[in-house]
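K.L.:
Sequence:
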Amino acid sequence: MITMSHSATIGADAQAAPRSKARNFALDRARTFLTLVVLLHHAVIPYTHFGHTDPASFAGFDMIVLATDSFFMAMFFFLSGLFTWPGIARKAPSVFLRDRLLRLGLPFAIAALTVIPLAYYAIALRAEPELTFAAFWWKTVTSGPWPSGPIWFVWVLLAFDLTASLLYRISAHLVDPGNRVSLRGFEQPAVFWLMLVAVSGIVYLPALLYFGTNKWFEFGPFSVQASRILLYFSYFFIGASVGSANFDRGILSADGQLPKQRWLWVIVTLIPYCLMWVMIYIKREILGNPDHLPHWYHVFYGTFLVLFSASILLAILAFFLHSKAPGPTLLDRMQADAYGIFLVHYPIALWIQYALYDYELPAIVKAAIGFVLTVILSWGLTALLRKIPGASHVL
1 MITMSHSATI GADAQAAPRS KARNFALDRA RTFLTLVVLL HHAVIPYTHF
51 GHTDPASFAG FDMIVLATDS FFMAMFFFLS GLFTWPGIAR KAPSVFLRDR
101 LLRLGLPFAI AALTVIPLAY YAIALRAEPE LTFAAFWWKT VTSGPWPSGP
151 IWFVWVLLAF DLTASLLYRI SAHLVDPGNR VSLRGFEQPA VFWLMLVAVS
201 GIVYLPALLY FGTNKWFEFG PFSVQASRIL LYFSYFFIGA SVGSANFDRG
251 ILSADGQLPK QRWLWVIVTL IPYCLMWVMI YIKREILGNP DHLPHWYHVF
301 YGTFLVLFSA SILLAILAFF LHSKAPGPTL LDRMQADAYG IFLVHYPIAL
351 WIQYALYDYE LPAIVKAAIG FVLTVILSWG LTALLRKIPG ASHVL
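For the sequence shown, the positions run 1 to 395 when full-length UniProt numbering is used.
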């Protein structure tokens, strides 16, 4: 059960405010929706200019991948951060560490040794049809490369949780400024949006200029995109600030202005999204798609990405906060299994793409088959795994 209790004080007004004890179905649905977005991202990316690994392609998928890659992991970190500060407040440090290692560390270790090699074996077979899985697995875990695929999110979230625990021990009030902006966001969502844009832009743009877009920190299965690590932490920490107290009176209140302005935020989102495409056109058609882009290009493109990421986060949350759909919806039914689906879906997606590779089908058909089967099979596998005694505490 998700709770919003927290012992830290956020001023006199905060003390008087009630704290939500009930599960927040809007946020549950948003998080499950994001999980489906991840599966969609991996289903269409082989048929795009960005990640063209199949003979078939469809330009519309490039539009999807540009959008998803520019926001969904940051939004995952924001949603994960929402419940971090209360969790730290009500648990002893050793208990919090144990719970995080069980929920994040153990699944990451298991997935790195099983799920990821199974996924990338499908790619390796395309180059070496005679390669055995045993040989590929041994090479992966000994000499590498040992890619992490999408599970990099899990170990990074564990690192963020442990960092937040240390920051909480230093001062439980570090989140107070962000929480106050969240409270203002009840009536003025744009104020919260400005904070999110400013903070994420300050940490992201210098890193983008220094590292570029292709640099990853890598050590075995531990990897993360260098230019985005601080961007992700800013979203995580701002999420922790929002969720630290007065959750039902801040930016994510169903009674606030954000859900009432949902269509406005859609329009705001479309502006930087279109500007990112303008920059991509400049890169390909005017600059000649160089390996090293000039700093001015990174500044403009990075600024538009920051604006888009902050805007679409509020737009998506606005629609889920506004929705009064009675449960259980499909997202409600999937919610308990969403984390497991995220962990196990990648080899399923890649092996379906491997099986479809030689068929002369339109890209839309291949992607649709891949997405639907990945959802069904990963959901079914997760449901089976959660029946193992104790597995539901991890998955």
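These are computed hints drawn from the structure, not numbers from a lab. There could be a bad hint or two in this list.
[Unchecked claim] Quick list of simulated restraints, FRET-style, between CB atoms:
(1) 266 x 324: 16 to 24 Å
(2) 191 x 214: 28 to 36 Å
(3) 91 x 184: 25 to 33 Å
(4) 384 x 166: 44 to 52 Å
We treat Cβ as the ideally placed atom computed from N, Cα and C, and that holds for glycine.
K.L.:
Could you tell me which of the numbered hints above are not met by this structure, giving the numbers in increasing order?
P.N.:
4
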